[in-house]
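A.B. asks: Sequence:
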Amino acid sequence: MKLLIVFALLVLAWCGEACQTSADCGHGECCVSNMRPIGKRQLVSSRDGGTCKPRGKLDGGCLKRDETYDPTKIFFRCPCVDGLICKGMKIFDVPLGEMGTCVHA
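Residues -18 to -1, 1 to 87 (mature numbering (1 follows the signal peptide of the UniProt record, and there is no 0)) make up the sequence shown, in order.
Heads up, some of the hints might be wrong.
Ranges of calculated distance between the beta carbons of each label pair, as one might list FRET restraints [as the list claims (entries may be wrong)]:
#1 Gly31 <-> Ile73: 24 to 30 Å
#2 Val85 <-> Gly21: 26 to 32 Å
#3 Ala5 <-> Lys39: 17 to 23 Å
Source of the hints: derived by calculation from the structure; they are not laboratory data. Using N, Cα and C, we set each Cβ at its ideal position, and we do this for glycine too.
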């Protein structure tokens, strides 16, 4: 029984809280869309909401298009934490754009 409770708590912690914009999330988090866009038209849509996820840490993944954190936005992948930048890897995820890694500015 204790194992089941621990597992349930881990699942809840991993899933994150529901959000409509990054302003709904805690410090160091952003709102990541629950829906992956199929085409470029869906890149601007955030009406389906998202889940709060941690912002990119050193050597973490990021998208070049989402380099700047904006609390009014919903992202497809969280931008890097303050003090880090997203360095492109020349690998593209269509339609999201260039994938990158969080590195020191």
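A.B. asks: With reference to the structure, classify each hint as holding or not holding.
C.D. replies: Outcome of the hint check:
no., hint, result
1, Gly31 <-> Ile73: 24 to 30 Å, "holds, 28 Å"
2, Val85 <-> Gly21: 26 to 32 Å, "holds, 30 Å"
3, Ala5 <-> Lys39: 17 to 23 Å, "holds, 21 Å"
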